[in-house]
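A.B. asks: Chains as they are written, first to last, in the numbering used here: chain V, 1 to 265; chain L, 1001 to 1265; chain U, 2001 to 2265.
Honestly, the hints are just simulated from the structure, not real lab data.
Careful, some of the hints might be misleading.
Derived list of chain V stretches under chain U, where covered just means 3 residues or more per stretch with a C-beta under 8 angstroms from a C-beta of chain U [claimed, not checked]:
{"#": "1", "segment": "20 to 29"}
{"#": "2", "segment": "41 to 52"}
{"#": "3", "segment": "240 to 246"}
Below, computed lysine to aspartate or glutamate pairings styled on EDC-like, alpha-carbon distance capped at 20 angstroms [stated by the list, open to error]:
{"#": "4", "chain 1": "V", "residue 1": "Lys-69", "chain 2": "L", "residue 2": "Asp-1065"}
{"#": "5", "chain 1": "L", "residue 1": "Lys-1104", "chain 2": "U", "residue 2": "Asp-2145"}
{"#": "6", "chain 1": "V", "residue 1": "Lys-96", "chain 2": "V", "residue 2": "Glu-149"}
{"#": "7", "chain 1": "L", "residue 1": "Lys-1069", "chain 2": "V", "residue 2": "Asp-65"}
{"#": "8", "chain 1": "L", "residue 1": "Lys-1096", "chain 2": "U", "residue 2": "Glu-2048"}
{"#": "9", "chain 1": "U", "residue 1": "Lys-2265", "chain 2": "U", "residue 2": "Asp-2145"}
{"#": "10", "chain 1": "L", "residue 1": "Lys-1011", "chain 2": "L", "residue 2": "Asp-1253"}
{"#": "11", "chain 1": "V", "residue 1": "Lys-104", "chain 2": "L", "residue 2": "Glu-1045"}
{"#": "12", "chain 1": "V", "residue 1": "Lys-265", "chain 2": "V", "residue 2": "Glu-149"}
All values reported here derive from a predicted model rather than from experimental measurement.
Ideal Cβ positions, reconstructed from N, Cα and C, are used throughout, including at glycine.
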Amino acid sequence: MQIKRNVKIKKPLIHYITNPISINDCANAMLAIGAKPIMAEHPLEVSEITSASNALGVNLGNITDVRMKSMLISGKTAFKERIPQVIDLVGVGCSKLRFNYAKKFISQCHPDVIKGNLSEIRALCGIESNAKGIDAGECDKITEDNFDENIEIVKKLSLRTNSVIAATGAVDVITNGSKTYLIKNGCEMLSMVTGTGCMVTALIASYISSLDIFGATILAVSLMGICGELSHHVTGIGSFRTNLIDNLFTISDNTIINKIKCELK
Amino acid sequence: MQIKRNVKIKKPLIHYITNPISINDCANAMLAIGAKPIMAEHPLEVSEITSASNALGVNLGNITDVRMKSMLISGKTAFKERIPQVIDLVGVGCSKLRFNYAKKFISQCHPDVIKGNLSEIRALCGIESNAKGIDAGECDKITEDNFDENIEIVKKLSLRTNSVIAATGAVDVITNGSKTYLIKNGCEMLSMVTGTGCMVTALIASYISSLDIFGATILAVSLMGICGELSHHVTGIGSFRTNLIDNLFTISDNTIINKIKCELK
Amino acid sequence: MQIKRNVKIKKPLIHYITNPISINDCANAMLAIGAKPIMAEHPLEVSEITSASNALGVNLGNITDVRMKSMLISGKTAFKERIPQVIDLVGVGCSKLRFNYAKKFISQCHPDVIKGNLSEIRALCGIESNAKGIDAGECDKITEDNFDENIEIVKKLSLRTNSVIAATGAVDVITNGSKTYLIKNGCEMLSMVTGTGCMVTALIASYISSLDIFGATILAVSLMGICGELSHHVTGIGSFRTNLIDNLFTISDNTIINKIKCELK
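The following block holds chain V by itself, in its conformation from the complex (with noise of 0.2 angstroms):
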């Protein structure tokens, strides 16, 4: 299997709409793996690049009026060009603002791959959350006790919208509706520098150019999560950021096949 190298050699040109705080951590990812991005924004310009453009990525955090047109923009093109398209939902369970306009986005625009925290995934769905800002709520972390409900929650969101639905975490839980993978790497450092979230997204991005769906949105997931490991030998945040960048660009095929730790639920 040549999991990096599809990307790597077709250079996909990624359109991804996002925020400032994480827009070049973001961009230098994508990069990273071989990915061409671009971050428009602008209204008038949107629809043509994305049309350009080889996958679409939108996200909430900190959402304008003109984020929020240009991403429904965009996202209205890739539907009826059938360009992949995710949306991250960034701080969805923190204003009424980003609920309204998430569940807009998806019923407008269907993303193949919805992304958040389980905290986010349960405000999408209208059920109690415990998010703190944009981090997932201490109590929405997946435990024996709680494990069945919330797979449950995420796999019934997958069927309802038909997107492969990506609940990031401790474990992480991808689905399509009818099967489910649980991800257990990744490492304590990577929700404690800012923007690995929107990372996320940006790799699930350059994956869905390229790759199916499903498989693409568990590479991408997986590969921040073992980056995430392989980078935590550091002395604080601010190396971890650097490392996790450079061995997103250096990761070999092999060391993903060997440090993947991904399960059939």
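Keeping the supplied structure of chain V fixed, place chains L and U upon it in accordance with the hints.
C.D. replies: Then chains L and U, alone, in the frame of chain V:
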């Protein structure tokens, strides 16, 4: 005394409305000391988000119409709900727009802390400043000659606004109007990398969520200075920036106590 | 010759209106060579800030309505007050919006320097380009076959606009219409990390504040290439980015003189 621990355990949610130049570094600085940053700026969600937060920071850097609107909404919410807040006067001497906005914000929102370099504090007070862009002017350094005059300006601003004032520079002056502390930590490199001033405000916002306002401001300003000292044995400002975040993450209470150079005026 | 010293001593204030993707790296690149960046973009303050600055840079990346408005205001102010200015044509081949805006800006503001990769320069001239997103197309590399044709395009643009043109690529072409220099510094990694093109423009803006326009442009483009060469012995693009800023900070005049590969065409 448990200095950093308070925040690390509480994991306060900090709403910081700030500019894109240093927004990533500010988020990572807050994460480094254990706070949870959220940088939302949409006028339709900021009140909701400030309400859910433990403190608010606003920053005039790279000001936009949207952020001018949002910061005022959030500032009023914070004042009304007694959520501690800090304003960073970035570039207040550069344009009439920022000058007028800063005065309006302070009179309507009553921030607990007003932070700026000495040129900015002077400009806000309508006193001749020698700012060059967003940096303090050469002539606005505190010297033996102008020492008493400048301290007096800072104290008067504190008494008039009823805010703690942090006037940063080679020597930082922090006053609550009755007591004034001088902080002599820091290194030259802190002024040679972008965003360190904005990061100080991020630290102030984080600490005022959990400590008394005056003590929190002193701690935040000192901490950045000390971490600068610990970071400057490097090749250049690229590595310095990485080290600075690493040191914010790793520094122990003992190191803070040993290194702090804070004296009552 | 004292290459870097001029700027280091003058500490020119540089107004750069640019995109959020690389805005932090651009500010740090300018600080690294001794300039003072200010990135203000509010239409109501940019004229005031450009007036107080020693040079202006504008950048089409991630274009917004507000920046389109502000860049035009600042460009006109710079032209009227004879403040040197440079435009970066990021993505001019990606959308009609940027194409039309670039033509308008150039005709109304008369920038001293126009910078783009070869695909962008070709697109601006209405000649078929093979751009992929914001990167130069594979087919737009200068080869032996298309060499003379491409040089001719760049020279004609210079004569028509009366601007120095910097057409970047594996070989950079810089012309003032009568003299044309080829710069052969650089390394592949420079194109594998986001924002290096925007940083070149940041360096051009910094140097045109203090040197003659043509010489400043040659120096800025060469300097980025040389610092790329000095930085690429690293693990990946995360470290490369840090090293690049470090090398911009530390590089000596002697190293520049020894490493520069600049020849008159």
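A.B. asks: Against which earlier hints does the structure fall short, listed by number upward?
C.D. replies: 5 and 6
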